[in-house]
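*Asks:* Residue strings, one per chain:
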Amino acid sequence: MSGYSADPRIRWAEYLPWIAAIAFFFLMPGYLSLGARILIFILFALSLDLILGYAGIVTLGHSAFFGLGAYTAGALGAHTGITDPFAQLAGAAALSALLGLATGAVILRTRALTLLMLTLAITAILLEIANKWTSMTGGADGLAGVKVAPILGLFRFDLYGKTAFFYCLVTLFVGWWVVRRIIYSPYGAMLTGIRENAARMHAIGAPVYWRLVLIYTISATMAGIAGALLTQVNQFVGLNVLGLEPSGDILVMLILGGVGRLYGAFIGPIVYLLAQDYLAKQYPEYWYLGIGALLIVVVLFARGGILGIADVLFRNKKAL
Amino acid sequence: MYSLETRKLCKSFGALTVADRIDFRLEAGARHALIGPNGAGKTTFVNMLMGALAPSSGEILLGGEQITKLSQSTRVRRGLGRTFQVTSLFRSLSVLDNVALGIAEREGVARRMWRPASRHKEITDEARELLSGLGIADEAGTRVADLAYGKQRLVEIAIALGLKPKVLLLDEPAAGVPSHESQKIMMSLERLPSDIAILMIEHDMDLVFRFARRITVLVQGVVLTEGTPQEIAKDERVHQVYLGEQSHA
Numbered sequence: 006m007s008g009y010s011a012d013p014r015i016r017w018a019e020y021l022p023w024i025a026a027i028a029f030f031f032l033m034p035g036y037l038s039l040g041a042r043i044l045i046f047i048l049f050a051l052s053l054d055l056i057l058g059y060a061g062i063v064t065l066g067h068s069a070f071f072g073l074g075a076y077t078a079g080a081l082g083a084h085t086g087i088t089d090p091f092a093q094l095a096g097a098a099a100l101s102a103l104l105g106l107a108t109g110a111v112i113l114r115t116r117a118l119t120l121l122m123l124t125l126a127i128t129a130i131l132l133e134i135a136n137k138w139t140s141m142t143g144g145a146d147g148l149a150g151v152k153v154a155p156i157l158g159l160f161r162f163d164l165y166g167k168t169a170f171f172y173c174l175v176t177l178f179v180g181w182w183v184v185r186r187i188i189y190s191p192y193g194a195m196l197t198g199i200r201e202n203a204a205r206m207h208a209i210g211a212p213v214y215w216r217l218v219l220i221y222t223i224s225a226t227m228a229g230i231a232g233a234l235l236t237q238v239n240q241f242v243g244l245n246v247l248g249l250e251p252s253g254d255i256l257v258m259l260i261l262g263g264v265g266r267l268y269g270a271f272i273g274p275i276v277y278l279l280a281q282d283y284l285a286k287q288y289p290e291y292w293y294l295g296i297g298a299l300l301i302v303v304v305l306f307a308r309g310g311i312l313g314i315a316d317v318l319f320r321n322k323k324a325l
Numbered sequence: 034m035y036s037l038e039t040r041k042l043c044k045s046f047g048a049l050t051v052a053d054r055i056d057f058r059l060e061a062g063a064r065h066a067l068i069g070p071n072g073a074g075k076t077t078f079v080n081m082l083m084g085a086l087a088p089s090s091g092e093i094l095l096g097g098e099q100i101t102k103l104s105q106s107t108r109v110r111r112g113l114g115r116t117f118q119v120t121s122l123f124r125s126l127s128v129l130d131n132v133a134l135g136i137a138e139r140e141g142v143a144r145r146m147w148r149p150a151s152r153h154k155e156i157t158d159e160a161r162e163l164l165s166g167l168g169i170a171d172e173a174g175t176r177v178a179d180l181a182y183g184k185q186r187l188v189e190i191a192i193a194l195g196l197k198p199k200v201l202l203l204d205e206p207a208a209g210v211p212s213h214e215s216q217k218i219m220m221s222l223e224r225l226p227s228d229i230a231i232l233m234i235e236h237d238m239d240l241v242f243r244f245a246r247r248i249t250v251l252v253q254g255v256v257l258t259e260g261t262p263q264e265i266a267k268d269e270r271v272h273q274v275y276l277g278e279q280s281h282a
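Protein chains in written order, with our numbering: chain A, 6 to 325; chain B, 34 to 282.
If you're looking for bench data, these hints aren't it; they were derived computationally from the structure.
Note that CB positions come from ideal geometry on N, CA and C, so glycine has one too.
Partial selection, computed: residues in chain B whose CB lies under 7 Å from chain A:
id: 1; residue: 121
id: 2; residue: 133
id: 3; residue: 143
id: 4; residue: 145
With the Cβ distance kept under 8 Å, some of the chain A side facing chain B (calculated, not the full set):
id: 5; residue: 8
id: 6; residue: 190
id: 7; residue: 207
So here's chain B without its partners, still in its complex pose:
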């Protein structure tokens, strides 16, 4: 049984097909990357996995269970977490609040109306611990809007981890981040719990080849090939359609 699986997943906008019969499998504890040139349909694929976008046809299974028709929030509660390509945070709230919101949702605390939020020590303590693990505990009280972009990306990851996902979808976690900060993000990603299956979408090939144990290449909504980083690096088709001059030895 796979942590996440898609079967013949399709998405069309009128005559334009952006995902064409995608069969994809993510194993337990996987470190998997999804790559492809701009417009390959990677983010569309993630949006379908999360339930932000309804597929035209096909199936999505999480831990062997059908989730194709489930709402986004239900999928999250079943163990599917994500980060966004463009940082999507609660900008006027503190870093701690950003992370606490997710943890409270996971714990079922968020629907409580009486006891003050700050008295839920178990939530704030866990949030601080997560921030500490990502090296941004000092920023807990900082408003997210006042935070450097690289650290905002780490807050994205912290929120996702706060949901204790079984499967984590990282949509370009280092997008827009200077190279010295992307290394910090990479180190944080490498320290993520090994039981979480991770699918990373990334343009930065250094990050991909350093992080992933398997890579799927998507081109124009179709899976071109899948394999280990070494196999992908040697694949001529990948060189032609995607890697171009960036090929890795």
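For reference, chain A alone in the conformation it holds in the complex:
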């Protein structure tokens, strides 16, 4: 979808997620908290898609940035008196960007399994820091009492999740817009080139390493913002935002939806979190079995994820 041949105009189908989100707000008022959570994970998945789907950076440590963003917003709200939600987002974005830049500059010199292990190591280290630094993070008990002021001084976070839903929706919209601009830009085309054939990109004069570091930093920033949103919506942050599990979860969500397709990052979290919500109620002990089965089906029969299935169906229909 990216590249010099791609038409960057917004297609009608691209309005659907936003129409669906607004419809959801009015039609499902009892599920707005779940809706806000889905929107947050869409943003997180988008950030992962940027590096995995477009730049080909395989990672098991993307939760490092999500978790850092979550704890930064939490620490600002609980310890420093900085309660303005945008200031918290900015703080989370800045620290996540710094971490992305610093770690990216080191690990992106490696590839394949080494890179995968290093990304995992980074989130594992952060998890351990969060676990031990109890005065700042609350340790295993989590960080409660995160204060978040009304948005623009007007919209207080309410119990029903109305404010949270719209706040997350607007933030996601901005994130989606930025990602979309990037993937249709020459930079996006260049990233696709790196994913396809890094050796060739070197041979056409692209400073591949620095280009990857930059996109990794941008992706980390977005993931940090997603983490901060989660903290603000819950007014709490726990250790489950760091480590292998959330990294694996977001990877599963993206694979379910379809990697490198932009809207796979929308479909995956919706399916995953709705399935999780339903299965956890029906089968509290075995809910992950259902997710696992779904993933196996998608990986075996739909390598492009759910959007890949949609593509095939659409093509077949056109061929008939």
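Assemble the complex: chain A is given as a structure, and chain B must be docked to it using the hints.
*Replies:* Frame of chain A; chain B shown alone:
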């Protein structure tokens, strides 16, 4: 001053020496071929020139300037382009995108993040012009993976030309291509701008003798001899170590 020059260029892998004190000069606008039997170290030599492989010792100069320590991408930006022995393209991208990526890199457009790539008309127009010059403009929208191999070789050349190199290294441009298509490649090569110095590595002696005005023979990492095609064809040592039965009159 030479377009490209190496001085005592060496490369060893442990005890194995694959390039041994190679002194090589490429003049401005040269049409030069590097030949040698399999394992002579030709591709190693090109990889060292490009910066894909670090030499063990020696120097590389591009337009009289030291580039020995420079990265591959910096060398390309200074005017060194190459094609690969085994086609190395962006297979899932269109032919146009393959060429546009290189042009965008040359023009400094590739690092831009905001304006859509397809709105950079100057890039796509130049890419189409290049493809047209090589006779594959009709394939601009075709995915490279769906392209015949001979045309893929032309895309390789188009990408390299899109970088507007001062020196172009062609690593077996007709490798794996049926003879009728290799003639098309040869015709395309003959039409390349005369100000580009070209070093071609090729096994196909018909192509070499048709294209090159000078030939260097490399054997086991050592320059055996250098001369005009006529001189090389008459050189007994070349016959012995390389040409064998294929000798040209």
